[in-house]
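Build out the structure end to end from the sequences listed, making use of the hints.
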Amino acid sequence: MPSNVSAPASRERRHRRSLAGHIERVLPRLVVAPSLAVALFFVYGYMLWTFLLSMTNSRMLPQYDFVGFEQYARLFANERWHVAATNLVVFGGLFIVSCLVIGLLLAILLDQRIRQEGALRTVYLYPMALSLIVTGVVWRWLLNPGLGIQAMVRGWGFEDFTFNWLVDSDMAIYTLVIAAVWQASGFVMALFLAGLRSIDDSLFQAAALDGASLPRIYTRIVLPSLRPVVFSSVMILAHIAIKSFDLVMALTGGGPGYATDLPATFMYAHTFTRGQIGLGSASAIMMLCGVLAILVPYLYSELRGQRHG
Amino acid sequence: MKTIHALAAGALLAAAVGQANAAEIEVLHWWTSGGEAKAANLLKEKLEAKGHTWKDFAVAGGAGDSAMTVLKSRAISGNPPAVAQIKGPLIKEWGDMGFLGNIDKAAEADGWDDFLPAEIVDADKVDGHYAAVPVNIHRINWIWANPEVLEDSGVDHVPQTWDEFFDAADKIREAGYIPLAHGGQPWQDATVFEVVMMGIGGGDFYRKAFVDLDPEALTSDTMIKSLKTFKKLRGTMDENIAGRDWNIATSMVINGKAAMQIMGDWAKGEFTAAGMTPGEDYECVAPPMTESMFSYNTDSLAMFDVDDEGKQQAQLDLASIVLSKDFQVQFNQAKGSIPVRLDVSLDDFDACAKASREAFDVAMDEGGLVPSLAHGMAVSDSQQGAVFDVITNFFNDPDMKAETASERLVSAVRAAE
Chain C
1 MPSNVSAPAS RERRHRRSLA GHIERVLPRL VVAPSLAVAL FFVYGYMLWT
51 FLLSMTNSRM LPQYDFVGFE QYARLFANER WHVAATNLVV FGGLFIVSCL
101 VIGLLLAILL DQRIRQEGAL RTVYLYPMAL SLIVTGVVWR WLLNPGLGIQ
151 AMVRGWGFED FTFNWLVDSD MAIYTLVIAA VWQASGFVMA LFLAGLRSID
201 DSLFQAAALD GASLPRIYTR IVLPSLRPVV FSSVMILAHI AIKSFDLVMA
251 LTGGGPGYAT DLPATFMYAH TFTRGQIGLG SASAIMMLCG VLAILVPYLY
301 SELRGQRHG
Chain R
1001 MKTIHALAAG ALLAAAVGQA NAAEIEVLHW WTSGGEAKAA NLLKEKLEAK
1051 GHTWKDFAVA GGAGDSAMTV LKSRAISGNP PAVAQIKGPL IKEWGDMGFL
1101 GNIDKAAEAD GWDDFLPAEI VDADKVDGHY AAVPVNIHRI NWIWANPEVL
1151 EDSGVDHVPQ TWDEFFDAAD KIREAGYIPL AHGGQPWQDA TVFEVVMMGI
1201 GGGDFYRKAF VDLDPEALTS DTMIKSLKTF KKLRGTMDEN IAGRDWNIAT
1251 SMVINGKAAM QIMGDWAKGE FTAAGMTPGE DYECVAPPMT ESMFSYNTDS
1301 LAMFDVDDEG KQQAQLDLAS IVLSKDFQVQ FNQAKGSIPV RLDVSLDDFD
1351 ACAKASREAF DVAMDEGGLV PSLAHGMAVS DSQQGAVFDV ITNFFNDPDM
1401 KAETASERLV SAVRAAE
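Going down the list, the sequences are from chains C and R.
Numbering-wise, the first sequence is residues 1 to 309 according to this note's numbering.
Numbering-wise, the second sequence is residues 1001 to 1417 according to this note's numbering.
These are computed hints drawn from the structure, not numbers from a lab.
Some clues are possibly wrong.
To be verified - Here are the computed lysine to any residue pairs in the SDA-like style, where the Cα-Cα straight-line distance is at most 20 Å: (1) K1232(R) with D168(C); (2) K1105(R) with V1306(R); (3) K1092(R) with T273(C).
This one's a predicted model, so the numbers in the text were calculated from it and none came from an experiment.
Right, dumping it as structure tokens:
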């Protein structure tokens, strides 16, 4: 009797085990599939659609009269696009460099085992918790010559003090840098601080024993070992810079004139409010190319690193 | 899939309800600020009194920019509202794409052609048929002045020529006030510029330059003179104009910080809200050399093409309510504009509205009635944007020459075609 029962039971068990194995193999793919499909459709699908639109003569609504690269030719003949692209280089460059320098300095200073480090860290990190809109509005008031810093210093008796970058079309782009650096440098500091903490103390001690001075320890040992942190900071800051939109809208509204226009605000204005979807799509594709130009070398170096390591 | 079923069921239900020739219509508009919201609500009440249901679809912000963005996305997804507030040449663009319906029935029944000004109504027609109903007429060329500030500065009247204006500005500045209140946003810059230009160039020149966008007019001496005068106005403003909203600038006139502001007649709402009376506490005067001119900005409600008979009836009812005499009076008093119906008496309106109507009649007779470019009445969105870019950049760049700006106007407009 027992043997009669056990034969089909064990077969069943084996079958169940193979079913479980099957599910185990398939389930992860099954679970990931919807999000993959969604990502494929909504990210890559729309990228493709934007590219198609950039080849058409679409105005207020999408339409499909293909005109080749005409919209790109128009884009590069557009004075405002040149201002926006130049602004991105100026803003992005200054923003990334300033954030790195200030973030690193703050991190090194905080790393000196000072009292109340936790509280100070929170103070510097806090701006990151604010929305860029809030940052933009606050700085708009601070930088407004009639309300903010200039008015305050003049109120102290320095009648000739002038700080009117916000209303000066040549200088307004730097006000964006100030606000953005204020917002993001604390975050970079946190990244660097984590990096610094991960450096083994014995390295410091060994270097000190060898008679290296403190600056020398930092430039020769600490900075090189922070390279991965620098790299990921640059990646994060670069994409913040490229997609900057809300800060510009809140701080300067793209003005004076269109002196502080960035590619993102250019794209929005032309695609959505001016009925030039073709031209707007072309500018969006150019932004994508900008992101890829940064992302591809990064991915390449990452993948190559993995292969070796 | 489920939502599609739900939508289909909803549509069937709506169609079933629509049998009774009363229907729910969705109305997209941007009448969201105080007086405007009151005006919109009035329309809703009157429509619902006829048994229809008004589904409110208010999109605030950006002088309708945001509303237009929403409308486009709804239209692309094949689900436009039944009625939408659309202005100027955009109505024809929507019509040419086949989105708009036909409300000739209401126009014939009420005899619209007898009492609507032909120049203005042309924008509401697609291929000769009414596709939209005009609601009101705003006048753009106004100076709003604080008489106390003028008096205190030794200026006895609002200037009537630009030379007089700049002399007066010097006096006002010396007395410690800001001569001209302004907000540094592209549309406000363009508003001031078009007022300056229409005064210097006159109606025919304005139409050539800002309606036809004729390159010859855009580079003419008149244009360059207008640009130079416009730039000179920068010196009569304070230095904190960047990004300032128009109503903040108006409040500077109300509070006696600034003497004057150039702005359309919706500014009146701010004075009214501050408890001021026109002619006594504040003055409304035509800007220099635009006495017999009228730059208009008209709101229209465009009717989208709907299959449902009930909805069509609701559209027709809405259109005839909009143009009924008592609605015209109530709505326009709340909004600060004047009725678009020429046969409505303005006895109950304030002095500024009466002056606006007089100016309108004169301008219509003398060819000074022009569509406002700054408010989307004259050219397409993209061309308007191109003109804004050049004007605002010229105004804010101390080094740009008027000649350069006029050449850029031509190339920018051509690129936006």
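Against the structure, test the hints numbered earlier, and report the numbers of the ones violated in rising order. none
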